[in-house]
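Number of protein chains: 2
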Amino acid sequence: MKKIAIANHCTTKFSVDDISIESLLLSATKLLFEQTKNLDQKDIDAVLVSTNENKKYLSSVVAEMSGITPRISHSVESLCNSGTNSIVSAYSYIQAGLADVALVVGAERINSPGQVLNWDVSRGEFKHPIFWGSMFTKAHKRKFGTTDEHLAYVSAKNHKNAQDNPTAYTKHYSIDEVMSSKRLTDDLRLLDCSRPCTGSSAILLASDDVVKKFTDSPVWIAGIGQKTTSASFTKNDLVTLESTIEAASQAYAMSKIKPAQIDVAEIHDAFTICELMVLEDLGIVQKGHAGKYVMDLYNTNNKKINPRGGLIGSGHPLGATGVAQVAEIACQLKGNAKKRQVDGAKIGLVQNMSAAATSSTVLVMRT
Amino acid sequence: MKKIAIANHCTTKFSVDDISIESLLLSATKLLFEQTKNLDQKDIDAVLVSTNENKKYLSSVVAEMSGITPRISHSVESLCNSGTNSIVSAYSYIQAGLADVALVVGAERINSPGQVLNWDVSRGEFKHPIFWGSMFTKAHKRKFGTTDEHLAYVSAKNHKNAQDNPTAYTKHYSIDEVMSSKRLTDDLRLLDCSRPCTGSSAILLASDDVVKKFTDSPVWIAGIGQKTTSASFTKNDLVTLESTIEAASQAYAMSKIKPAQIDVAEIHDAFTICELMVLEDLGIVQKGHAGKYVMDLYNTNNKKINPRGGLIGSGHPLGATGVAQVAEIACQLKGNAKKRQVDGAKIGLVQNMSAAATSSTVLVMRT
Numbered sequence: 155m156k157k158i159a160i161a162n163h164c165t166t167k168f169s170v171d172d173i174s175i176e177s178l179l180l181s182a183t184k185l186l187f188e189q190t191k192n193l194d195q196k197d198i199d200a201v202l203v204s205t206n207e208n209k210k211y212l213s214s215v216v217a218e219m220s221g222i223t224p225r226i227s228h229s230v231e232s233l234c235n236s237g238t239n240s241i242v243s244a245y246s247y248i249q250a251g252l253a254d255v256a257l258v259v260g261a262e263r264i265n266s267p268g269q270v271l272n273w274d275v276s277r278g279e280f281k282h283p284i285f286w287g288s289m290f291t292k293a294h295k296r297k298f299g300t301t302d303e304h305l306a307y308v309s310a311k312n313h314k315n316a317q318d319n320p321t322a323y324t325k326h327y328s329i330d331e332v333m334s335s336k337r338l339t340d341d342l343r344l345l346d347c348s349r350p351c352t353g354s355s356a357i358l359l360a361s362d363d364v365v366k367k368f369t370d371s372p373v374w375i376a377g378i379g380q381k382t383t384s385a386s387f388t389k390n391d392l393v394t395l396e397s398t399i400e401a402a403s404q405a406y407a408m409s410k411i412k413p414a415q416i417d418v419a420e421i422h423d424a425f426t427i428c429e430l431m432v433l434e435d436l437g438i439v440q441k442g443h444a445g446k447y448v449m450d451l452y453n454t455n456n457k458k459i460n461p462r463g464g465l466i467g468s469g470h471p472l473g474a475t476g477v478a479q480v481a482e483i484a485c486q487l488k489g490n491a492k493k494r495q496v497d498g499a500k501i502g503l504v505q506n507m508s509a510a511a512t513s514s515t516v517l518v519m520r521t
Numbered sequence: 155m156k157k158i159a160i161a162n163h164c165t166t167k168f169s170v171d172d173i174s175i176e177s178l179l180l181s182a183t184k185l186l187f188e189q190t191k192n193l194d195q196k197d198i199d200a201v202l203v204s205t206n207e208n209k210k211y212l213s214s215v216v217a218e219m220s221g222i223t224p225r226i227s228h229s230v231e232s233l234c235n236s237g238t239n240s241i242v243s244a245y246s247y248i249q250a251g252l253a254d255v256a257l258v259v260g261a262e263r264i265n266s267p268g269q270v271l272n273w274d275v276s277r278g279e280f281k282h283p284i285f286w287g288s289m290f291t292k293a294h295k296r297k298f299g300t301t302d303e304h305l306a307y308v309s310a311k312n313h314k315n316a317q318d319n320p321t322a323y324t325k326h327y328s329i330d331e332v333m334s335s336k337r338l339t340d341d342l343r344l345l346d347c348s349r350p351c352t353g354s355s356a357i358l359l360a361s362d363d364v365v366k367k368f369t370d371s372p373v374w375i376a377g378i379g380q381k382t383t384s385a386s387f388t389k390n391d392l393v394t395l396e397s398t399i400e401a402a403s404q405a406y407a408m409s410k411i412k413p414a415q416i417d418v419a420e421i422h423d424a425f426t427i428c429e430l431m432v433l434e435d436l437g438i439v440q441k442g443h444a445g446k447y448v449m450d451l452y453n454t455n456n457k458k459i460n461p462r463g464g465l466i467g468s469g470h471p472l473g474a475t476g477v478a479q480v481a482e483i484a485c486q487l488k489g490n491a492k493k494r495q496v497d498g499a500k501i502g503l504v505q506n507m508s509a510a511a512t513s514s515t516v517l518v519m520r521t
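Chains as they are written, first to last, in my numbering: chain A, 155 to 521; chain B, 155 to 521.
Please note that the accuracy of each hint is not assured.
As the list makes no split between identical chains, a pair holds if one copy fits it or if it spans any two.
Claimed, not checked - Straight-line C-alpha distance at most 20 Å; calculated SDA-like pairs for lysine to any residue:
(1) K297 / G489
(2) K492 / R520
(3) K156 / S288
(4) K196 / I399
(5) K157 / D197
(6) K196 / E400
(7) K441 / T369
(8) K446 / V275
(9) K500 / G489
(10) K209 / I264
(11) K156 / Q189
(12) K367 / Q189
(13) K292 / I411
(14) K441 / V170
(15) K156 / G251
(16) K367 / D497
(17) K196 / E396
(18) K281 / N455
If you are wondering where the hints come from, they were derived from the structure by calculation, not from laboratory data.
Based on the provided sequences and hints, a complete structural model is requested.
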């Protein structure tokens, strides 16, 4: 098996601006070229575009307008999990010997068609994702005594972390502000929710044969796990995410890394409850104890979990999210995260998922 | 490197019917399960959906409704080249050790949004693909003396071959009927064009470790070539398809197969001129001689090229086309093509492309 690395990464400023999907994809690609030493268009064997907005043939539009003539070029869609699927796909092309260098670029507009699914609509009044977020929250509160205050710490922590992330678009909120934000359901308030936005992010992957051309500090993909099951609200147990547990198990086995060794992680906090459930299902904290754990992180200003602010703090441009998560962990492991830097981070993890954890991806990365 | 095979394949009846994209995907998946011995939902590690119609998260919808809980699940879009991209992606997942068995299912509705691209529209009056088809035709006529009659033989041959393809939806046309069909441009008539339709096709790929569970006659993927350049009408030379030449070169090198060894091929005849150009650019016939070659195929009832009828004879459901091409060559190499069978076919080729050969894929397959 080849060793495969993240050579470089970039993320554009997330916003609520009206920018075309093509412009978003091209600005991330341009930024990646500007910031990567020795990168020539001829180096790139694969261009994979991650988005929920199908304007047809976007990967070839990106390739042509960037002067790239790759072997492989297509778009990948798996809802919020699109970006991480694209990165695993790029990894596979390199591992299979069909590419040495792959560009993955993800983008989404704030009005992405991915926000409400056809199968959501088929549930009528129950169509918005906040309803499964609320089911999970109610179940977790009942079983483990999780409180509204625990949830508020997730949101306040991620909004606080995002203040040191120049690509995030949200502002700082105190615990009190979160807890007094508009109540949307019995269990969730406005500031418990991530918000759609406009943004893009790009990653350059390369095999160990060629990565040194582009960077002196490659970040290696050490473990990959993926699983698609059914939406977790269809399970009897509403407090675990089956696909995340399975994906984590695969990624830990492949990387021979244990949860206790993870120095820094970006995880999918579509709602505050998701961060708690994911922390537990990744084995980073014991089941039912994540609320207390996040309060401690906040109170000690520990940025280990969602240092860029996660989805709640940074915004959630669907097709870009998974790419931006991987970009953040690569940045952390390269030691380039400035005010967000987790000191001495050597081993990182990305967890991404979609549609109430119908599918999950877990990546373990290391220096 | 692992050996990777097509274990089984199926194609639904192409039509102009109003069938939902979900139904199309599910009916091909169901048919594949019915026709594949020992195939259990638990066997499938990857579900890749090929389509230009993004209804969001279709791969997970297919997985959930088929009782499959794969590791990998996403949709792939690369216009007409989507199906072949999906198959190369599935190959890569297996080669990378992330999957042993992959389901690729492609589908399109007759009203696919992939038919006219945003970048086509940006060309104003010149937006329809028939215009680049006409440019190629005029250039080929001028340079090589290709005639309207040569073109008519492509169409008549493919319509004739399609009469033995139970999934094709078109009827038989004589040379005279093709040559008197409605003139659409200076150089192309209605029956020089493939037509959009509704249909789906599925492929099961497996590593050599497990393929024997499903079939006694696996068909191996021996060579893969892919290239994305720019639309071939942007080149000075309007008589060659640069991306097809490059993809073929890769696929021949990987498989150590020469063009003269190809027993049977499915190639992308979006317009009649495409079949001539592709035959030449694959090296199956000398440049400029394809018109005469196709006349000979027709007159000797030789089904070697486009035995299922190609796109012109079968219909062109964009996301399904590449999958159906591979299905046909697998069927031929298994010796199951009945009245379409090319006797003794052991080595086959698929060439697919999109948008005036902006991108091409070439696969070499063998028993």
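Against the structure, the hints come out as follows:
no.: 1; hint: K297 / G489; verdict: neither (39 Å within a copy, 60 Å between copies)
no.: 2; hint: K492 / R520; verdict: within (18 Å within a copy, 54 Å between copies)
no.: 3; hint: K156 / S288; verdict: neither (43 Å within a copy, 46 Å between copies)
no.: 4; hint: K196 / I399; verdict: between (40 Å within a copy, 18 Å between copies)
no.: 5; hint: K157 / D197; verdict: within (18 Å within a copy, 28 Å between copies)
no.: 6; hint: K196 / E400; verdict: between (38 Å within a copy, 14 Å between copies)
no.: 7; hint: K441 / T369; verdict: neither (39 Å within a copy, 45 Å between copies)
no.: 8; hint: K446 / V275; verdict: neither (36 Å within a copy, 56 Å between copies)
no.: 9; hint: K500 / G489; verdict: within (9 Å within a copy, 55 Å between copies)
no.: 10; hint: K209 / I264; verdict: both (15 Å within a copy, 17 Å between copies)
no.: 11; hint: K156 / Q189; verdict: neither (25 Å within a copy, 37 Å between copies)
no.: 12; hint: K367 / Q189; verdict: within (13 Å within a copy, 49 Å between copies)
no.: 13; hint: K292 / I411; verdict: neither (33 Å within a copy, 62 Å between copies)
no.: 14; hint: K441 / V170; verdict: neither (36 Å within a copy, 53 Å between copies)
no.: 15; hint: K156 / G251; verdict: both (9 Å within a copy, 11 Å between copies)
no.: 16; hint: K367 / D497; verdict: neither (27 Å within a copy, 51 Å between copies)
no.: 17; hint: K196 / E396; verdict: between (42 Å within a copy, 16 Å between copies)
no.: 18; hint: K281 / N455; verdict: neither (37 Å within a copy, 57 Å between copies)
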